[in-house]
Amino acid sequence: MPHPPTSTIRATKLLHTAQGPQRLDIDFQWQQGRLLAIYGPSGAGKTTLLRILAGLTPTDSGFIEVEGETWLDSSRRLNLPTQRRSIGFVFQDFALFPHMTVRRQLEFALPDPNDNSIVAELLSLMELNELQHLRPAFLSGGQQQRVALARAIARRPRLLLLDEPLSALDDDMRDKLQDYILMAHRHYGLTTLLVSHHLPEVFRLADEAILLENGRIRTQGAPADIFAASSLTGTIASIEESDGSFAILIQSLHGISRIAVPKTEAAAWQVGQQVSIKILNLSP
Amino acid sequence: MIDWQPLWLSLRLAGLTTLLLLFISIPLGYWLAYSRRRWKIAIEALVSLPMVLPPTVLGFYLLLAFSPSHGFGRFLDRYLDIRLVFSFPGLVFASLLYSLPFMVNPIIAGFSSLSPNLRAASRTLGKSDGATLVRILLPNIRPSLITGAVLSFAHTIGEFGVVMMIGGSIPGQTRVASVAIYDEVQSIRYSLANQYAIVLLAFSFLILLLVYLANHHFNHAKTLP
Numbered sequence: 001m002p003h004p005p006t007s008t009i010r011a012t013k014l015l016h017t018a019q020g021p022q023r024l025d026i027d028f029q030w031q032q033g034r035l036l037a038i039y040g041p042s043g044a045g046k047t048t049l050l051r052i053l054a055g056l057t058p059t060d061s062g063f064i065e066v067e068g069e070t071w072l073d074s075s076r077r078l079n080l081p082t083q084r085r086s087i088g089f090v091f092q093d094f095a096l097f098p099h100m101t102v103r104r105q106l107e108f109a110l111p112d113p114n115d116n117s118i119v120a121e122l123l124s125l126m127e128l129n130e131l132q133h134l135r136p137a138f139l140s141g142g143q144q145q146r147v148a149l150a151r152a153i154a155r156r157p158r159l160l161l162l163d164e165p166l167s168a169l170d171d172d173m174r175d176k177l178q179d180y181i182l183m184a185h186r187h188y189g190l191t192t193l194l195v196s197h198h199l200p201e202v203f204r205l206a207d208e209a210i211l212l213e214n215g216r217i218r219t220q221g222a223p224a225d226i227f228a229a230s231s232l233t234g235t236i237a238s239i240e241e242s243d244g245s246f247a248i249l250i251q252s253l254h255g256i257s258r259i260a261v262p263k264t265e266a267a268a269w270q271v272g273q274q275v276s277i278k279i280l281n282l283s284p
Numbered sequence: 001m002i003d004w005q006p007l008w009l010s011l012r013l014a015g016l017t018t019l020l021l022l023f024i025s026i027p028l029g030y031w032l033a034y035s036r037r038r039w040k041i042a043i044e045a046l047v048s049l050p051m052v053l054p055p056t057v058l059g060f061y062l063l064l065a066f067s068p069s070h071g072f073g074r075f076l077d078r079y080l081d082i083r084l085v086f087s088f089p090g091l092v093f094a095s096l097l098y099s100l101p102f103m104v105n106p107i108i109a110g111f112s113s114l115s116p117n118l119r120a121a122s123r124t125l126g127k128s129d130g131a132t133l134v135r136i137l138l139p140n141i142r143p144s145l146i147t148g149a150v151l152s153f154a155h156t157i158g159e160f161g162v163v164m165m166i167g168g169s170i171p172g173q174t175r176v177a178s179v180a181i182y183d184e185v186q187s188i189r190y191s192l193a194n195q196y197a198i199v200l201l202a203f204s205f206l207i208l209l210l211v212y213l214a215n216h217h218f219n220h221a222k223t224l225p
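Note that the protein sequences, when read in sequence, are chains Y and U.
Anchor point for the first sequence: position 257 equals 257 in the numbering used here, and the numbering is continuous, going up by one each time.
Anchor point for the second sequence: position 13 equals 13 in the numbering used here, and the numbering is continuous, going up by one each time.
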């Protein structure tokens, strides 16, 4: 079976954050049809990464190729304008047009105004039929989010970019809207990049996740592999040495655990000391 | 008996100036609101200069520039057969400069008050900058456009110093209402001056009333389905 097309982004940019200048330096790939979550603390550069993909934020240097089409190649001075990149973007504040009704927002997004069959389809898929003649000011946050999602999909983009679309909503609403995102992603066979700092959301939605920290990618893989963590608390029962390698034995509720440690660290431990060990799998 | 010609001339001058200013100020305001060039601050300062400059200073330099006995004015007169001193077109040109900040500044404020993501969203939907301006940005800064138009109109009606310097007081050509009032007072015909003044006063009040009504209506329309 042939592999689905792969897309690539490599980009560097100097960011001016509240904590001072920070370098964004990213390089990753994703496959068509996947839902990829970009997870990390605020200020890690998640939104900037999405805006770079959309062509809304310039890079210092970079290369973007999406399903065989080059969008950015700074070495060849090639930079496709946002309008010509096949994307749908859901902004954190939704960016709905205040003067347009729900239906008009979707119609505005169509590449060909005569071919508007997708509007009716999206209105019913997102359960917006009864709201279609209202302007955004009369919609709740959850309803606005659905409109923003429908509008982003209306032009049938190759790449759907979601910038923390659920951060403004309460937990109940969050759960419901996650369903809408999943449904749209599957129904239209989209490739979706979702920025999030909400771990349950990443687990629920994403096939794959990227952990972004301080402008760099720490790891990429299935959410369960990246984030599955457990911890062990107990007392050091003894410290062993054999053939120059060190290990500490920790007595806990689960019995005795033996953990190898580097020689340099072994000297820092003492028998009888209380320790807590976090087990994090960062390499899928 | 009141001569309606100066009042009619004032209305024509203000109407034409406002219309032309709308066309000039939308692209200029767009550029000033969104450009990242550093030197745009110099342009901003230049645009606002007429707000602080004595009108006679602006009028004086325009008079020098357009006088047929000097370089630029002579060029206009000799090769293009355009004479801007003591003429209605000259008044329109001077009014454009004089009232420019009253149109441009509200428009800049309007653009700046919109979420930057509106423009970005329109781009991600494949729309050109021109389509974004006409279909997304302008409809959402309508109150700023109305404010700018009314201020420019009122400011042009009230213009006196610039008109005196570059236009003089030629009946039917440059003798606008504010100049007519001055002339009547000079000739100690206070009751005639009073008639012009009262018409201007009532007219100005009426315009502002209409604008406030329109804005009130607009704000209400936004909160009702």
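Treat the hints as calculated values from the structure; they're not laboratory data.
Note that the coordinates shown come from a computational prediction; the quantities given were computed from them, not determined experimentally.
Glycine included, C-beta positions come from ideal geometry on N, C-alpha and C.
Mixed in with the good hints there might be a few duds.
Claimed, not checked - Just some of the chain U residues that point at chain Y, by a computed CB distance under 7 Å: (1) R12; (2) L118; (3) L125; (4) T132; (5) I136.
Verification of the supplied hints:
no. : hint : verdict
1   : R12  : violated, 33 Å
2   : L118 : holds, 6 Å
3   : L125 : holds, 4 Å
4   : T132 : violated, 9 Å
5   : I136 : holds, 6 Å
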